[in-house]
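All chains should be built: construct the whole structure from the sequences, respecting the hints.
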Amino acid sequence: MKENRILIVQFVIFLVAAVFLAKLFYIQVIDTSYRDEANHNVIQRIIEYPYRGIISDRNGKLLVANTAVYDLMVIPKKVKINGDKNRLCELLGISPEDFDNRLALAKKYSFVKSSIFFEQMSEVKFGRIQDLLSDFPGFYVQARTVRNYPQAVGANALGYIGEISKEKIELVGKDNYKSGDYIGISGVEAFYEKQLRGVRGVRYVLVNVKGEEKGRFKNGQYDTASVPGKDIVASLDLDLQLYAEKLMRNKIGSIVAIEPSTGEILAFVSAPTYDPNLLTGEDFSKNFVTLSRDSLKPLFNRALMAQYPPGSIFKTINALYALQNRIIGTSTVFPCNRGIIACHGHHTSADFRTSIQYSCNPYYWNVYKKIIQRGRHSNPFIDARLSYEHWREQVLKFGLGTKTGIDLPNEKKGIVVSSNYYNKVYGENRWQFSTIYSLGIGQGELGMTPIQMANLAAIFANRGYYYSPHLVKAIGDSAQALPQYYEKHETGIDKEYYDAVVDGMEMVVRAGTGFLARSKESVACGKTGTVENPHGADHSVFIGFAPKENPKIAIAVVVENSGFGAEWAAPISGLLFAKYLNYTLEKNWIENYILNRDFIRNPAKPKPKSRKRG
Amino acid sequence: MISLETRQSLNQRAGSEVDWPTVGIYLFLVTWGWLNIFAAVYDPELEQSIFDLNLNSGKQLLWIGTAVFLFGFIMLIDYRFWESFAYYIYTAIILLLIGVLIGGKVVAGSKSWIQIGSFALQPSEFAKFATSLAVAMHVSSANVKLENFKSLVSTGFIIAMPALLILLQNDTGSTLVFSSLLLVLFREGMNPVPLAFGIFCVALFILALIFNKFILIISLGILTILIILFSRQIRRRFGFITLAFVAYLFSVVVIFSVDYFVNNILQPHQQNRIKALINPDADPLGYGWNVTQSKIAIGSGGFFGKGFLEGTQTKFDFVPEQHTDFIFCTIGEEWGWAGSLILIGAFILLFIRLIYLAERQRSKFARIYGYCVLSIMFFHFTINIGMTIGLFPVIGIPLPFFSYGGSSLWSFTILLSIFLNLDANRKNILG
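Chains A and B are the protein sequences, given in the same order.
If you read the first sequence in this note's numbering, its first letter stands for residue 78, the second for the next number, and so on.
If you read the second sequence in this note's numbering, its first letter stands for residue 8, the second for the next number, and so on.
Dumping the calculated PhoX-like pairs for lysine-lysine here, alpha-carbon to alpha-carbon at most 25 Å:
no. : chain 1 : residue 1 : chain 2 : residue 2
1   : B       : K282      : A       : K100
2   : B       : K282      : A       : K154
3   : A       : K245      : A       : K190
4   : A       : K155      : B       : K282
5   : A       : K625      : A       : K474
6   : A       : K480      : A       : K271
7   : A       : K190      : A       : K157
8   : A       : K245      : A       : K307
Calculated from the structure, these hints are not laboratory results.
Right, dumping it as structure tokens:
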């Protein structure tokens, strides 16, 4: 009996050993999750943020640079308050209640993952709290770069960077961004995000249970170095841009200036604008709120997104179409019948050139009538539709009604409605010239963005083609712009007709509505526009280019609710021509006149309406 | 011709009867333990010497040195001393235990230490071998037969007294050690039924903690019915059926009482340890932390381990109490399954050797004492390693010869060396 008991005792001992060895075998050899957990404990992944590419103007002057700032990060699980909390709060500039709130927020986000406790401390602030941090395990500092704008110019074109939203992370992939990373949100910063951001680097370090760094994991075998972003050369001319912004101060509208031979944008202004340094650094959130609540909407990029009826500048397109399709000739004359439609100036009739010079409305009423009543069909309604569709096809070739392809996000494509629109509104075969006659003078169902207007000016400068307007002329080492900007877009109208229209445009400045744009050295070419709108006084619009031969700059200026095109947009264009080409403006009082006019505090009074047919 | 007595004393002095295999395993465990304590306190950034007295490894070396002397010293004591003074030693320890309750220091929640001058003494450690001596003394006496109920009670009393006093100190771990002596009683003829019954209850208890109670009760019911149906061969069927039925009812009661026991009798930190055992992932950063980190450290060791001083969980301090209760993690992480095999193997060798030595004793006292040594060590071994791999709740039980600590090393050394002393003189003892 007792032998059995001895055996049982031995059996129990062996049984225990066997159970242990079996369980150990399972967790040590078979189940690999423990090894992963061990690594997870010990290995910390530290992201190295790459240097973001800087942006300079076409002459190499710095527009957007990087500054180092420091985010104070926290891992709630590891937090211990071993030091003077009040002192830390004091140095950070927050109250102890705020401190607790932030910590609670971090805990809610994740108890074990790191999150931002205090954003974007300046180098100075960081220096002050650095010593204190050793008393606060669980807190650490992550260095980052934010943007600064030495010239404080070009905010709408350059855009800004900010924290990436959750939706955006889902879209562009978690490999490239994590919560809290910066991404370009508007402007060039957004469009060229991939080029500017570079590639993140990763460092794997070993940490002990307190989170203190204890060395590199596997000697840095798995580390990857960060790759800096590509520097960008913007096509903007800093001096021109500064001057254009200055001229548009206290006004609402936009200026876009293009180099016609390349499509490079020399100046890009949406007014009112803001100091880009406001949307960077510690005060980003606060300033963003202020800016987005501003009733004048400085964050709204008018040059890109405002769609205005073009007004008289559109006559140039109708003129070209009519000439190309042999509807009129350069010697065609129409009487200036102000009974049909109002007009200005001393002429009683106009030939082709003077129709442009004085912007004769009845002339273009007649031209458009001929355009729409082409006699393609016996039924006048069908004739109107067919003629309209043919005309519209040509209009689109000028870059209207479609996106120009500028390198900015959220471009609006303008408005050139299809015949289906009229079918819906008036009924099929229920509309004809008398319904849509205002299109002849650029009013009605038409919309152009200032970019499209400037692009139109460039088309005339080039006598028949354009390169898509773009803000960036060179990316990184390649020193090339994106490939689509080297593509020539033809409008399909003969050069001789362009010459005819351009001659008219020269007369506009020399002796016509655009006379305030004249410089002593050379005559520019252009076309004024005075755009009716339901919000108040007319918009003052001007498109033009200079000099007439081998033009170097094409421009579009829109000043909202200000008056005649001749009054404001034309002289502003003249000043910009003079600035860029180093000319002297003929009338030297113009600059002060423009600078002193404040349309925001002192809006223009709308002129009495007298254009519609009586 | 040398006289019998001279030869005896020569033998005794020469130590030729000392069981060297056991001594060998002892030294192996103690040395390897010392190395692992160094690994547990190792900080890769500092220049550390394993001998540095400021580190636990240096201190342990001191304890090892003194323990070896103690070993030798005990070996030289006359073997008859133990049997003669067993009860005196036992009484002295009981008095010390009472003394601790009155004027002791509280350390880590339990009042187990007495301060004498600049020395701190932990009587509960020494109660182990003292009780073993007393039990061996009592059970080996002529009128005690463990088959009898009265003998069981008297023996139980000897075991229960120190256990109770230690329980009052709030040291649950050390209290439980005394239950290991049941193994001795089993070997010496105790009726296995109450033992089996006790194991049955404990098993039920554990099952009730892990599984849903209603499922358990239904399953047990089905099992009972099946047993009744398939037991036609057993005589006195009626009595058997009633017994099965009663057993089933009793099980149900136990199952339901588990909750009451856990929530009302156990202290909160003990409740947490049970919870940590059942489901450590429920609160991996709170009460589950020790077990989770321990399993991670051991589990990440792989087959061959990460290498001495290369254990990341060990050297970066992820496992709490790694130099004491969780010392096995060092083996698991740095020496892998292979190392675990060697360690477990060494202990098993020791245990089997102790059984062999105990069985070859002519004196009942020596044999019983030997089994006490075995049981106590086996208990520590099982609970400690089981704790680190998540099979037992965390209780403060050290791994013999391995865990850091002077008191425990000394007490185990004394426990073992007394037996080796008895064994070396087994031929002189008259059965």
